[in-house]
Amino acid sequence: MSAPLLSVRGLRKHFPIRSGLLLRTHAWVRAVDDVSFSVAPEETLGVVGESGCGKSTLARLILRLLEPDAGAVTFLGEDLRSAGRARLKRLRRDMQLVFQDPHASLNPRMTIEDAVAFGLTVHGTARREARARAWRLLERVGLDPRLYGRRYPHELSGGQRQRVNIARALVLDPKLLVLDEPVSGLDKSVQAQVLNLLQELKAERALTCVFISHDLNVIEYVSGRVLVMYLGQVVETGSVDALAESPKHPYTQALFASAPTMDPSRRLERPPITGDPPNPVNPPSGCRFRTRCAYAMPRCAEAVPPPILLASDHAVACYLYDGEAALAPV
Amino acid sequence: MDARTLAPPIAAADIETVVGAPMSYWRTVAWRLRQDPTTIVAGVLLLLIALAAILAPLIAPHDPSAGSIRLRLAPLGTSSHPLGTDEQGRDMLTRLLWGGRMTLLAGLTPVLVGFLFGTVLGVLAGFVGGHTNTLIMRTMDVFYAFPAVLLAIAISGSLGPGLWNTLISLSIVFVPRVVRVAESATVQVKSLEFVAAARASGSGVWPIMRHHLLPNVLGPVLVFSSTQVSLSIILAAGLSFLGLGVTPPAAEWGLMLNTLRGSIYVNAWVPALPGVAIFLTSMAFNLLSDGLRDAMEIRM
Chain Z
68 MSAPLLSVRG LRKHFPIRSG LLLRTHAWVR AVDDVSFSVA PEETLGVVGE
118 SGCGKSTLAR LILRLLEPDA GAVTFLGEDL RSAGRARLKR LRRDMQLVFQ
168 DPHASLNPRM TIEDAVAFGL TVHGTARREA RARAWRLLER VGLDPRLYGR
218 RYPHELSGGQ RQRVNIARAL VLDPKLLVLD EPVSGLDKSV QAQVLNLLQE
268 LKAERALTCV FISHDLNVIE YVSGRVLVMY LGQVVETGSV DALAESPKHP
318 YTQALFASAP TMDPSRRLER PPITGDPPNP VNPPSGCRFR TRCAYAMPRC
368 AEAVPPPILL ASDHAVACYL YDGEAALAPV
Chain B
2 MDARTLAPPI AAADIETVVG APMSYWRTVA WRLRQDPTTI VAGVLLLLIA
52 LAAILAPLIA PHDPSAGSIR LRLAPLGTSS HPLGTDEQGR DMLTRLLWGG
102 RMTLLAGLTP VLVGFLFGTV LGVLAGFVGG HTNTLIMRTM DVFYAFPAVL
152 LAIAISGSLG PGLWNTLISL SIVFVPRVVR VAESATVQVK SLEFVAAARA
202 SGSGVWPIMR HHLLPNVLGP VLVFSSTQVS LSIILAAGLS FLGLGVTPPA
252 AEWGLMLNTL RGSIYVNAWV PALPGVAIFL TSMAFNLLSD GLRDAMEIRM
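Protein sequence lines, in the order shown, are assigned to chains Z and B.
Count along the first sequence starting at 1, add 67, and that's the number in my numbering.
Count along the second sequence starting at 1, add 1, and that's the number in my numbering.
Just so you know, the hints here were simulated from the structure itself, not pulled from any lab data.
Ideal placement from N, C-alpha and C gives every residue a C-beta, glycine not left out.
Each hint should be verified, as a subset may be incorrect.
If you want a taste of the chain Z side facing chain B, the calculated C-beta under 10 Å gives, among others [to be verified]:
1. 77
2. 81
3. 84
4. 148
5. 149
6. 156
7. 176
8. 181
9. 185
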């Protein structure tokens with residue numbers, strides 16, 4: 068693996084639950100807890116997990132839309148947390164975000180062309196030039212700018228809005244694109260169109276992507292490597308093939324087993340996992356999955372299992388594989 | 002599956018006929034207002050009332066403070082006094098025209114002041130959040146502890162009667178109401194993803210305020226403020242009625258209602274006229290703000 072474009076070390080974000088007149092904190096939501104990974108240039112890392120496992124928080128932490136409580140994000144060899152305001156503004160051109168909700172992610176009082184051009188004008192491009200570049204990008208994502216440029220978001224369908232979001236994210240020519248559930252709000256047929264568009268753009272522009280989704284089919288389609296999150300922690304990482312063929316962590320196994328499939332031989336009699344994840348305000352001690360895990364042992368409650376390297380790019384945080392690490396050294 | 006299937010190529014010549022020119026937001030608002038006959042009637046009525054008030058010195062047939070002992074409480078339709086005279090023999094038409102100036106001034110100014118200060122404080126509280134929000138909003142809650150009428154009377158009572166004191170006390174009534182609306186709109190808009198997207202583009206606070214926040218916050222605040230005008234007119238007239246507003250001999254609808262109230266058994270029609278004027282004006286403002294609310298609706 069070449070030098071990573073993005074590297075995340077020990078990232079942590081706990082949200083305070085405040086109430087009362089003096090806004091005293093009486094509990095913390097542990098949204099992201101000690102997450103580490105890195106993304107190589109032009110790679111697509113899929114991040115998968117149930118809703119509420121901290122995926123969206125992770126996306127916002129990577130782009131420093133939220134300040135992390137601990138840990139470091141290194142982008143293009145530079146520590147984002149220590150970047151000053153001007154430096155951060157410059158770095159933001161190289162990392163952009165595509166949002167989930169096609170309704171809330173566009174300003175209802177701004178035309179499509181202005182929404183796409185806004186990022187450029189922020190960085191000092193003249194209006195005329197910004198508009199011309201916005202038009203070219205709208206054309207590229209499949210929206211005729213002469214038809215749609217001066218329309219407002221409410222005049223567009225969900226799929227069209229998501230195309231506008233993609234154009235807006237790409238207008239600054241970023242190197243890294245973080246996609247936070249970019250197709251979850253869309254119909255299946257439109258999902259496919261948008262996913263194909265993303266794949267084309269990624270190849271054209273040599274983009275590096277972090278693709279967040281709860282949908283395993285989507286993740287398998289787009290990503291090379293997958294990171295599985297559970298309650299704010301990484302439970303397994305590995306290539307998409309390794310995870311699909313032999314998932315190691317009990318949670319990953321359950322996740323892949325419960326994904327809808329067209330193959331009757333993979334059909335299940337019983338759901339592999341039941342219930343909801345525990346409340347992130349008060350997560351279980353040790354391994355957070357142990358309360359729903361069929362293989363839970365007493366030691367799972369004692370400490371968080373460290374990631375165990377099973378192959379050069381396959382790591383799992385589970386005590387079941389303790390000792391196997393020696394078989395496959397780093 | 003071609004990426005362009007959602008937007009098939011259309012010949013340049015077809016574009017105008019297919020879409021026409023999309024309308025800007027304010028043109029859409031104006032167009033929607035024109036489709037609404039109730040709003041047009043209310044708007045025209047208000048325009049006439051405002052014009053009559055502004056032009057009162059030119060069109061009023063008599064001197065508003067010149068009375069005649071012999072012609073007290075003349076009925077409607079008296080020659081040279083079409084709307085009769087009041088208890089001091091002053092021409093009612095003239096006094097209604099002059100009174101409209103005062104009543105409209107006392108009704109509109111506090112709402113305007115409330116709109117300006119309330120928007121600034123509310124957007125500040127909503128945008129900054131945290132302790133700034135707590136400080137501003139809890140201070141506003143103190144004013145909310147009293148009913149609007151009581152608060153206006155209490156402040157006017159301690160400041161003493163007069164036009165300026167009426168304006169001050171009513172402004173204090175309306176600022177907290179606007180702050181609340183502006184704050185909740187700001188908090189709601191601030192959390193939407195397009196604001197986060199603007200931040201991710203590297204935008205600073207001011208461009209976000211100008212292009213993303215204010216255009217989405219000002220609409221609801223403006224609509225809310227317009228609903229408060231009728232209340233403000235009634236409160237201003239009410240303060241004058243109680244002797245806490247405009248001082249005699251100046252003409253003001255509420256004050257006229259007060260001084261004529263004793264004459265209601267002598268001639269019931271003439272004392273009712275200022276009340277009818279207040280009713281028509283405040284209802285027209287209410288209808289106009291209803292129309293404005295519908296026309297300014299932002300589609301997400």
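Hint-by-hint comparison with the structure:
1. 77: violated, 23 Å
2. 81: violated, 17 Å
3. 84: Because about 15 Å separates residue 84(Z) from the closest Cβ in chain B, which is outside the 10 Å limit, the hint is violated.
4. 148: violated, 16 Å
5. 149: violated, 17 Å
6. 156: holds, 4 Å
7. 176: holds, 4 Å
8. 181: holds, 8 Å
9. 185: Cβ of residue 185(Z) sits 7 Å from chain B, so the hint holds.
Consistency note: the structure conflicts with the earlier hints numbered 1, 2, 3, 4 and 5.
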